[in-house]
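Residue numbers (the working numbering), protein chains in the order written: chain X, 296 to 391; chain R, 9 to 477; chain F, 136 to 598.
None of these hints come from the bench; they were simulated from the model. Heads up, a few of these hints could be off.
Below are the DSSO-like pairs computed for lysine-lysine, each with C-alpha atoms no more than 27 Å apart in a straight line [what the hints assert, rightly or not]:
hint: 1; chain 1: R; residue 1: 418; chain 2: X; residue 2: 320
hint: 2; chain 1: F; residue 1: 336; chain 2: F; residue 2: 346
hint: 3; chain 1: X; residue 1: 319; chain 2: R; residue 2: 340
hint: 4; chain 1: F; residue 1: 213; chain 2: R; residue 2: 343
hint: 5; chain 1: F; residue 1: 507; chain 2: F; residue 2: 575
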Amino acid sequence: MKKGINKSDVEKIASLAKINIEDKKLDKLKTQLNDILEYFSKLDEVDTEDYGPKFDISELSNVFRKDRIKESLTIDEVMEGGKNKDNYFKSPRVEK
Amino acid sequence: MMQAWKTAELVKNGDISAKENILRYIDIIKKKDEDFNAFITLNNGQAVNRAKQIDEMVSEGIDPGKLAGVPVVIKDNISTKGMRTTCGSKMLKDYKPVFNAHVVKRIIEEGGIVIGKSNCDEFAMGSSNETSYFGVVNNPEKPNFVPGGSSGGSAAAVAYGASPVALGSDTGGSIRCPAAFCGLVGLKPTYGAVSRYGLISHASSLDQIGPITNKVKDAALMFDVISGKDDKDQTSIEYTSNSLENIKSDISNITLGVAAEFFGKGIDNRVENKVKNSISLLEDLGSNIEKVKIPTAEYSLPAYYVISTGEASSNLARFDGIRYGYSEEINKNWKSVFSENRGNSFGDEVIRRIILGTFALSAGFYGKYYKKAMEVRSKLIDEFNQAFNKVDAIILPTMPYPPFKIGEKKDDPLALYKSDMLTVPMSLAGLPSISIPCDKNSLIGMQITGKMKEEEKILNIALAHEEAL
Amino acid sequence: MDVLIGLEIHVQLKTKSKLFCGCSTDYRDSPPNTHTCPTCLGHPGTLPKLNKRVIDFGIKAGLAFNCDISKKMRFHRKNYFYPDLPKGYQITQYDTPLAKKGKIRVNGNEVRVRRIHIEEDPGRLVHKKHRFSLVDYNRSGIPLLEIVTEPDISSPEEAKKLLLKIRETLEYLEIFDGSLDGSMRCDANISLKGGKRVEVKNISSYKGAQKALAYEITRQKNLIRRGKDVERETRHFDEAQEITTAMRKKEEEHDYRYFPEPDLPLVKTNEKKIKKIKESLPELPEEKRERFVKEFGITSDQAVSLTSSLDFANFFEEVAESVDPELAASWSTDVLKGELNYRDVHISESNIGVGEMIDILNYLSADKITEKGATHIIRKVLDNNEKPSEIMKKDDLRSIDEKNIKKIVKKVIDENQDAVDDYKKGKKEVVNYLVGQVMKETKGRAKPDITNQVVKDMLEENL
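Next comes chain X alone, as it looks inside the complex (with noise of 0.2 Å):
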């Protein structure tokens, strides 16, 4: 039986994902968790030996833009959904 991953994977990922969940809820979604990713491991029966891993749906290249100049947005624009002070963004403290 696989190892499968405790509360504090959860908790480090969580951490890693940077959201809050709270410690009541911690080990349903645990639960949950492992179920899924037991399933996911339903993969581990394929064998791809033969393929590379799809990254190229439409099989493009080479789409480009031209090196152009084009109008910004104005201060109140981007500002709408923002905390604005002085016309920077308002962030929460970073430790410098």
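Fit chains R and F to the supplied structure of chain X, relying on the hints for placement.
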């Protein structure tokens, strides 16, 4: 209800007034939406103004376009300039984009009128429209049952008559599923056929925008309007579509493929019977039926969920509350603020998928999950290509069961994921696939899947079936 | 002392618009958040649009540093959170970089280039006195080239020289402007005598690189001397204090979860395209210097001074084709350069053109003016934009011939009898004084060496 293509014709000729027309629909929404909760934001004032403009254009002899005066419902994960675009989430409950999605621009250019933004599963993650911050959507064809998801609002709106056409988005079945559950037509285009610019990404290598309509010809019309290369989306392909003009219901030389992998185990008898009847009908209409094999089909579901959650975990990382979106107090260190903004505004399903996706991409697991899933995807595409050497299109059910009761599957996420088993293979392969009702009364849909860029062919088959009912 | 230094250098490419959107890259003098759009702000629903010129510039740089250019490359997402990173991921290149396995020659040493790749710059955090930070996204999405070397650099001085050489090369290619603040930043790796590797971040100047590395060597040597271990760590360079400090240990381990960017198709290139770009490359500074020495017979020091900028090198070369190259070289490096620097003006923006310089040097060679006169004309051209011939006439700079010099010397000697007496007494420095008087009288139009000789001769005659 009058089809969109007909409405556009009559408006263009001055036979009906766009303003009168839109007021009728606005009235229907006013009376009925309370029961179904299909809409998050309505656009009444602007819609009427636009309709007046259309009427003026007509009186001046100017052609307003292919969608002249037609009301269009837009799923709320598609950006509409100046109009709230929430993705069914608390994170974006007050967010107003400063630009229009490419598809919205196209609809406006062709004289279409955005009548409102429809409800959907949060960030398009779900198959039943039960995860939206703005409440559950009710199925107008079968109240207290789910309308399907994630484009449940779009489907419900068309089903109860709010408009003849709607746009939804499909990552693993989110157009086809609600279309099937509400007795409608839903088309997921070829990957790249419709620009994703302005579509708030769920899974970048899978997402496509497509129409949900009452009738096949309207799906053809909508696809013509929204498809085509867009330089704002570098994954969009060259594609000029005239499917409405070219559409025909003669399928006498078509060969249809049936794969055993899409029937039998896990499929409800009722679904299997209805779809088999439809296949017989198609045979009667002159097509040939042949067996094909897609052995890797049963692995599409885990492959799909690994890939879509992986990509989604990355696509949703931008939601930190600084430039837009939900934000609580910021006078703390940034890591706490980010985690609180996100943790307190994302719903459970979204959080579950982000955690899964983060895990599937993480050090030590990338090879086992994401890369492996992409290899399985490669193999699946190969099998489809081989099948299409023999047949023109593949026929299969859309959903493994008819609509279920609201709340029935809420506590079993994995069971709900498995409802996508018949729609994800085409998503992985980037193939166009249309869902149409098997008959006039059941809420059971049949999928017609074609080769890439062969929307016209599958629309023809769909029309043949529709006309024969 | 075995010192192994490797550098990871980020340079901003000189395109008109950003890497993935059309916002202008000329953001430095603009107010915050005025060079932004939904794409570089990471608005939902936006998609990156790859700027072709960045690929071309990248290939040029790869070729200039003798790298193998990748025929098939893709972009990747580097996933991490930070307030200056709008999408919560940076679009970069992971296992298919633009170029690999190159080399740069510095000080006679060959430094191997491990890889060069393209990525986007994040925004900028500004820290003032508030309880919150401020973010400006003008810089978000600026195209960067990341150049990673092997640990082949053997001293702080060499590191600085390498950075200067990179700057010079990229400027010659016209893909980079090193004069822009913060346009080149680097991180350094350093280890001593097979010890643990220390990473130093936040270096943003050439001198800074040298100082940071010199400080590190001292710090590490001190630790070793005291019998302590040098820890493997990441340190922060404090430019103001010129020291490196330990970064807080609580830094999370980064798991960047790289995966291929699904919003951008592959970029492919072939031998033919690469060859075409290679042929279009300008002659690089080192090649040009070698050629100047060979072709024009100038010294290598002069060559270095002449090739300090492409414009200046071109100016010199054109002048050297019409006048004696050594004359052109010495007047360009010794006089013209000084005059330009004094006026803080670049050769391409100055009033002096190739034609003017040739005229001046021709007058000089033909003895029509003296060296003082030539300098005078150069200054007048730069300041007043007049023609050399006009200045010559107006300011009466024509040099005086020997016959007339003799007349003036005679006059000066007659007026300065005490000087003559002093000379008789043996004070030879009187000659300089008398020459100076002649210069004053002629406003510098008498050639110094001739005047000198004439004065000596006449003094001797008078004896």
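(message) Under the constraints set out in the numbered hints, which ones does this structure not fulfil?
(response) Every hint satisfied by this model.
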